[in-house]
Amino acid sequence: MNAQMAPPTTQEWDLKPESEYRFELDLGAALAIKLVRGKAEIFGAELVPGKIYLFGFECKAAVFTWRGCTIEMSQPSTEYVSEETSMKAYGNLHIALEKMRVRSLLTLTGSSLTPGEPPSNARPSESPRVLVIGPANSGKTTLCKILTNYCVRAGQGWSPILVNIDPNDGGWAAPGALSAAAVHDPIHTYSAATPLGSAATTAPMSLNSNTLFPLVYWYGHADAKRNPQLMERLVRNIGENMDERFDKKAEAKASGCIVDSPALFSSGPAATTEVRQRLIKACVDAFKINIILVVGQEKLSAEMKKIYSKQLTVIKVPKSGGVVDLDSSFRERVHSHQIHTYMYGTNIRPPPGIPTNSIFIAGEPNSDLILSPASTTIGFNELSIFRIGTEAMAPASALPIGAKRVVSEMQPISVDASLPGSGLLNRVLAIMAPFNPDENERYDEEILDLTVEGFIVVTAIDQKAKRLTILKPNRGPVSGKTAIVGTFEWQDE
Amino acid sequence: MSLYSQTYYGQPSYGGPSYTAPVPQSGYQYQYSQQSSHPPPMPHTPPHPVFIDPATFRRDYSGRLDQLQFNSRPIIQGLSFYAQEYSRYADVVAQCLDSHIRKVPPWMKLPAFYLLDAISKNVYEPYARVFASFVIPLFLDTYRTVDDNTRSKMDEMLITWRTGSPNGKELFGLGPQMAIERGIWGDQAVRITLPPLIRSAHLFQGPGQITKPQVMSELNFALQAKERAIQVNHDDISAKHHIQVLLQLRNLVEAGVSQEELGQILTQLRSLVRPPTIQAPSAPPQPQWSSSQFTPLLAPNTYPPPTAPYPTTYPALPQVKAEALAPSLLVASAPEAQNAQLNITSILSSLMKSGLVSAPPTDTDVTKAEPAEQEPEEDAKPAAPTTEDLNAIKEAQSDYRKRILAEKMEASLVEYSIDDPTVAIPDFLYDYLSLQCQQCGIRYPDTTLGKRRLEDHLDLHFRQNRKLSQNPGRGHDRSWFISVEDWVHEPCDSQGVPRPVKIKAVHEKVSTTVERAENKVDPGSQYITVPPGDEAKPLSCPICKETLQVEFLEDEEEWVWRNAVKKDDRIYHATCHAEATVSTSNLVTRLKCEMGNGSRGTTPEARSTPPFVTVTRSPSRSPSSSPSKLAGIKRKVEHNGSLDPSEADQTPPLKKLALAQS
Numbered sequence: 001m002n003a004q005m006a007p008p009t010t011q012e013w014d015l016k017p018e019s020e021y022r023f024e025l026d027l028g029a030a031l032a033i034k035l036v037r038g039k040a041e042i043f044g045a046e047l048v049p050g051k052i053y054l055f056g057f058e059c060k061a062a063v064f065t066w067r068g069c070t071i072e073m074s075q076p077s078t079e080y081v082s083e084e085t086s087m088k089a090y091g092n093l094h095i096a097l098e099k100m101r102v103r104s105l106l107t108l109t110g111s112s113l114t115p116g117e118p119p120s121n122a123r124p125s126e127s128p129r130v131l132v133i134g135p136a137n138s139g140k141t142t143l144c145k146i147l148t149n150y151c152v153r154a155g156q157g158w159s160p161i162l163v164n165i166d167p168n169d170g171g172w173a174a175p176g177a178l179s180a181a182a183v184h185d186p187i188h189t190y191s192a193a194t195p196l197g198s199a200a201t202t203a204p205m206s207l208n209s210n211t212l213f214p215l216v217y218w219y220g221h222a223d224a225k226r227n228p229q230l231m232e233r234l235v236r237n238i239g240e241n242m243d244e245r246f247d248k249k250a251e252a253k254a255s256g257c258i259v260d261s262p263a264l265f266s267s268g269p270a271a272t273t274e275v276r277q278r279l280i281k282a283c284v285d286a287f288k289i290n291i292i293l294v295v296g297q298e299k300l301s302a303e304m305k306k307i308y309s310k311q312l313t314v315i316k317v318p319k320s321g322g323v324v325d326l327d328s329s330f331r332e333r334v335h336s337h338q339i340h341t342y343m344y345g346t347n348i349r350p351p352p353g354i355p356t357n358s359i360f361i362a363g364e365p366n367s368d369l370i371l372s373p374a375s376t377t378i379g380f381n382e383l384s385i386f387r388i389g390t391e392a393m394a395p396a397s398a399l400p401i402g403a404k405r406v407v408s409e410m411q412p413i414s415v416d417a418s419l420p421g422s423g424l425l426n427r428v429l430a431i432m433a434p435f436n437p438d439e440n441e442r443y444d445e446e447i448l449d450l451t452v453e454g455f456i457v458v459t460a461i462d463q464k465a466k467r468l469t470i471l472k473p474n475r476g477p478v479s480g481k482t483a484i485v486g487t488f489e490w491q492d493e
Numbered sequence: 001m002s003l004y005s006q007t008y009y010g011q012p013s014y015g016g017p018s019y020t021a022p023v024p025q026s027g028y029q030y031q032y033s034q035q036s037s038h039p040p041p042m043p044h045t046p047p048h049p050v051f052i053d054p055a056t057f058r059r060d061y062s063g064r065l066d067q068l069q070f071n072s073r074p075i076i077q078g079l080s081f082y083a084q085e086y087s088r089y090a091d092v093v094a095q096c097l098d099s100h101i102r103k104v105p106p107w108m109k110l111p112a113f114y115l116l117d118a119i120s121k122n123v124y125e126p127y128a129r130v131f132a133s134f135v136i137p138l139f140l141d142t143y144r145t146v147d148d149n150t151r152s153k154m155d156e157m158l159i160t161w162r163t164g165s166p167n168g169k170e171l172f173g174l175g176p177q178m179a180i181e182r183g184i185w186g187d188q189a190v191r192i193t194l195p196p197l198i199r200s201a202h203l204f205q206g207p208g209q210i211t212k213p214q215v216m217s218e219l220n221f222a223l224q225a226k227e228r229a230i231q232v233n234h235d236d237i238s239a240k241h242h243i244q245v246l247l248q249l250r251n252l253v254e255a256g257v258s259q260e261e262l263g264q265i266l267t268q269l270r271s272l273v274r275p276p277t278i279q280a281p282s283a284p285p286q287p288q289w290s291s292s293q294f295t296p297l298l299a300p301n302t303y304p305p306p307t308a309p310y311p312t313t314y315p316a317l318p319q320v321k322a323e324a325l326a327p328s329l330l331v332a333s334a335p336e337a338q339n340a341q342l343n344i345t346s347i348l349s350s351l352m353k354s355g356l357v358s359a360p361p362t363d364t365d366v367t368k369a370e371p372a373e374q375e376p377e378e379d380a381k382p383a384a385p386t387t388e389d390l391n392a393i394k395e396a397q398s399d400y401r402k403r404i405l406a407e408k409m410e411a412s413l414v415e416y417s418i419d420d421p422t423v424a425i426p427d428f429l430y431d432y433l434s435l436q437c438q439q440c441g442i443r444y445p446d447t448t449l450g451k452r453r454l455e456d457h458l459d460l461h462f463r464q465n466r467k468l469s470q471n472p473g474r475g476h477d478r479s480w481f482i483s484v485e486d487w488v489h490e491p492c493d494s495q496g497v498p499r500p501v502k503i504k505a506v507h508e509k510v511s512t513t514v515e516r517a518e519n520k521v522d523p524g525s526q527y528i529t530v531p532p533g534d535e536a537k538p539l540s541c542p543i544c545k546e547t548l549q550v551e552f553l554e555d556e557e558e559w560v561w562r563n564a565v566k567k568d569d570r571i572y573h574a575t576c577h578a579e580a581t582v583s584t585s586n587l588v589t590r591l592k593c594e595m596g597n598g599s600r601g602t603t604p605e606a607r608s609t610p611p612f613v614t615v616t617r618s619p620s621r622s623p624s625s626s627p628s629k630l631a632g633i634k635r636k637v638e639h640n641g642s643l644d645p646s647e648a649d650q651t652p653p654l655k656k657l658a659l660a661q662s
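These protein sequence lines map, in sequence, to chains A and B.
Position one of the first sequence corresponds to residue 1 (full-length UniProt numbering), numbered consecutively onward.
Position one of the second sequence corresponds to residue 1 (full-length UniProt numbering), numbered consecutively onward.
Since the hints were made in silico from the structure, they are not lab data.
Wrong hints could be hidden among the right ones.
Claimed, not checked - Calculated lysine-lysine pairs in the PhoX-like style (CA-CA distance at most 25 Å, straight line):
| hint | chain 1 | residue 1 | chain 2 | residue 2 |
| --- | --- | --- | --- | --- |
| 1 | A | Lys310 | A | Lys281 |
| 2 | A | Lys88 | A | Lys225 |
| 3 | A | Lys288 | A | Lys299 |
| 4 | B | Lys169 | A | Lys249 |
| 5 | A | Lys248 | A | Lys319 |
| 6 | B | Lys394 | A | Lys88 |
| 7 | A | Lys306 | A | Lys288 |
| 8 | B | Lys451 | B | Lys394 |
| 9 | A | Lys310 | A | Lys299 |
| 10 | A | Lys60 | A | Lys88 |
| 11 | B | Lys408 | A | Lys319 |
| 12 | A | Lys466 | A | Lys481 |
| 13 | B | Lys402 | A | Lys249 |
| 14 | A | Lys248 | A | Lys299 |
| 15 | A | Lys225 | A | Lys248 |
| 16 | A | Lys306 | A | Lys281 |
| 17 | A | Lys88 | B | Lys402 |
| 18 | A | Lys288 | A | Lys310 |
| 19 | A | Lys225 | A | Lys299 |
| 20 | A | Lys310 | B | Lys408 |
| 21 | A | Lys39 | B | Lys451 |
| 22 | B | Lys451 | A | Lys51 |
| 23 | A | Lys299 | A | Lys88 |
These figures come from a predicted structure and were not determined experimentally.
Work out the full structure: start from the sequences and follow the hints.
The structure is reproduced here in structure tokens:
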């Protein structure tokens with residue numbers, strides 16, 4: 001980028017205390033923001049003064065300041081300053097959660113703050129296990145991110161587990177996945193494709209939020225209604241593993257968890273009421289939820305209080321005025337870009353006039369977030385591919401031996417790539433962890449409980465040679481593995 | 001330098017780092033004064049302005065005694081301070097302690113004895129006097145009920161009592177000391193116990209029955225003392241020499257020597273260990289003691305903090321440095337002591353002549369022994385701040401917790417507090433943590449600890465940048481996700497950096513021979529036993545700054561630091577250390593570094609065949625192609641199957657050759 005090409009078109013904004021600067025980027029646009037004076041944060045992640053932060057891919061975010069600041073930026077597509085934010089409520093919420101963490105840690109370690117006082121006098125307390133629900137486009141994910149960022153910024157070594165069970169969101173993996181990861185460093189917002197930070201790559205990163213180690217399960221569809229049974233099972237799987245993890249270390253347990261939920265949980269046609277209540281119940285049980293945050297919907301908040309007020313705290317929190325209504329085409333673009341990001345990493349071209357060598361992306365001083373996936377071919381027989389439940393009626397020959405003709409929602413069905421109707425081209429496949437090596441421990445639907453190792457995309461099918469061309473994230477072998485296909489498709493741009 | 005030099009009470013000099021012991025069973029692990037363990041904030045209440053009646057005090061004190069169920073320095077210290085504060089109730093303390101030791105199960109007795117020891121030495125008056133009335137039966141009764149391990153600890157403690165009083169005399173007086181020693185080592189052993197040159201007035205001479213265990217325990221004790229001397233002054237060649245001699249002696253005693261020789265050894269040993277009167281203190285200083293309210297009670301020369309250079313106030317030591325194998329330790333002491341030192345060597349030589357000892361300490365022996373001795377050298381500095389760190393961490397945590405709990409906000413109130421004009425969060429997020437990393441914005445408190453953490457954090461940036469610049473040029477890629485097992489066990493420290501997860505055994509099977517040859521011992525399987533009482537203390541690897549995990553090994557029945565290795569007396573992750581020591585020019589190492597950089601790298605399968613990958617890559621890479629050009633470009637690997645570990649054996653001969661060469 002040549003600095004002389006275009007004159008810098010920057011602009012300064014003075015933000016009053018507790019106000020925020022909101023921006024929305026159009027497709028292909030990039031924005032650079034520099035904090036000139038004061039202190040500012042983006043969804044809870046603090047900006048370092050004097051550094052240029054870069055935002056791209058339809059990022060919609062807000063620079064908030066508690067005590068006022070001056071920022072300088074290139075021109076975004078849409079921008080405005082708001083003094084009406086929900087940050088105070090979120091801040092108070094954080095303090096309340098911190099109290100729970102501290103109490104919980106004291107309980108777990110059996111210590112007390114005042115020497116001499118027997119630990120038993122300390123009020124026994126649970127760590128905060130928060131479920132955030134609300135309608136679509138109400139800022140659920142953002143609230144989860146803010147609360148997580150504040151938690152890790154406390155300097156107490158907390159590592160809350162951020163759980164994403166909104167398959168439409170994708171978390172750290174790919175859309176269609178349900179995942180959970182422990183977060184230690186603030187999550188920076190820079191692209192709509194990576195709302196919650198990024199999973200580990202081989203590139204060295206200074207922030208843990210860009211090298212997360214998520215636990216990933218594959219649901220495979222964007223819509224939580226499509227297979228609620230599977231959804232429920234995966235949610236319970238995550239919950240069980242989280243419990244096991246929490247039992248290892250008091251600090252981890254005290255940090256608690258924050259669960260981001262799909263919009264389905266909050267509303268929908270009357271016919272879905274039963275489904276969503278069942279799913280909420282599954283979440284509450286699986287994650288031992290003790291706080292439900294309802295974002296900006298009175299009716300839902302009343303409903304939750306009615307059902308759960310005896311066993312947990314339901315808190316209605318205001319919806320931020322800055323949320324943007326997103327249409328389904330935007331969601332599709334985000335899905336596509338998420339898979340692209342999974343494979344190729346992030347590459348944001350800075351706006352004209354911004355030197356490329358001094359920019360921060362994702363809060364990383366080293367802005368090399370570009371990845372190199374690998375393309376390869378494998379024989380049809382080298383990968384066992386399944387689909388869960390019905391999509392199209394499978395031929396009898398593809399059924400597991402002894403299986404009934406009736407296909408249930410949870411049944412793994414083998415997909416034969418050699419058949420013209422396999423529908424594998426351009427599909428996103430989840431490569432699953434190996435089955436239990438001990439034959440005796442195997443069980444019928446084990447495949448449903450396997451975690452995901454990674455995602456591949458079928459980019460070509462050669463029927464004559466009986467080979468698939470696949471794009472995979474790294475050069476590790478996939479041969480001999482099991483894969484599950486969902487309903488996501490992706491084509492390299 | 002010896003333990004007998006413990007003329008300054010208030011200094012638990014027997015608390016040397018037990019891991020310096022070059023021999024497994026010599027651990028004099030008198031742990032409540034662990035070197036690496038800084039006590040957390042004293043869990044004792046500030047001096048009570050109000051008068052407490054004896055009954056309340058008794059209840060209170062015995063209640064707190066009941067918490068002393070394991071060897072915990074903070075608890076012992078707290079109880080010790082408490083006793084000092086209420087020295088007017090010394091009788092009550094004594095009764096509580098006596099009945100406590102008698103009623104608890106054997107495994108809980110030792111910590112209580114440490115408390116008794118601490119109070120007697122640190123407060124001394126009136127406690128030592130009061131305790132002297134019951135210490136003999138208590139010690140002897142306890143000694144009979146405990147196991148061998150505890151007994152050896154008690155032996156060691158008993159030896160320190162010989163010089164435990166402020167004036168270097170017996171802590172509880174000569175009578176009780178003799179009675180106890182006689183009780184456990186037999187009557188005659190005691191006669192020879194105290195060397196005539198120092199205590200001849202009290203003793204009659206004569207050959208006696210000396211037991212092997214007694215000599216062994218004293219030998220070990222002397223060894224530990226010498227090791228600490230080296231730790232304080234690592235140029236102390238004479239002490240190193242002494243260690244050689246002592247080790248030889250110990251082997252000798254272990255092998256079995258005559259009664260007369262045992263007696264001789266014991267006598268010489270004691271004169272060797274007996275400090276000259278102006279001997280400098282031996283143990284690593286314990287700053288928390290000197291800075292505590294005990295200060296007025298301490299001997300005039302308080303010890304320097306461990307980080308400080310060796311104080312010039314001890315004139316003896318610089319001289320020691322200058323002198324080679326001479327008995328320089330005792331330079332400032334009486335000539336008899338010097339003779340004693342010479343004698344011990346002569347005993348050895350005479351024993352050697354008689355064929356009991358196979359060979360004199362050769363050069364190889366010295367070099368063998370030296371690593372253990374030199375360990376403390378570089379470490380005296382870094383280890384000690386850790387001790388302070390721990391304290392600071394605890395304080396900082398406690399401060400934060402108090403502040404958070406003082407906030408009135410509760411989850412149930414959030415909904416109703418929207419209009420609350422004040423919100424505390426900026427205080428916590430900004431003001432409370434006023435140091436900021438200018439690279440990524442992470443904040444730390446403006447304290448010594450916070451500064452150090454920031455430094456460590458900046459080191460991390462530095463390392464990351466270096467790793468980035470060492471990028472082999474093939475670009476980066478997304479790693480596979482971790483397995484359920486790894487996720488559940490993903491360990492994290494307070495800095496929040498997850499430790500690189502161990503490569504699973506399954507994958508090690510497919511490791512290339514190259515890697516095998518390099519690491520004969522799998523670093524991941526190495527471990528170090530945690531000194532008792534240290535299980536809960538966080539210890540981080542100096543290379544990756546990540547916490548070492550403490551695990552309980554069923555087979556050893558010990559708490560261990562997993563994947564740990566001790567080099568130069570610092571404890572590293574074995575894997576980190578292995579990584580760091582192998583030459584960086586080595587391709588395998590580079591790849592290993594890369595995979596170890598916290599990102600889980602590629603799959604284990606891919607990691608295990610790095611040289612092979614390079615072979616397949618090289619033809620396709622033009623020499624001029626820059627990393628940036630490669631980045632983001634799809635890579636073509638023609639036959640994925642050939643990367644499959646199951647086919648590794650079928651690697652074409654040419655590639656195998658290349659593999660072996662790399």
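Please flag the earlier hints that this structure goes against, numbers listed from lowest up.
The structure conflicts with hints 2, 4, 5, 6, 14 and 15, although it agrees with all the remaining ones.
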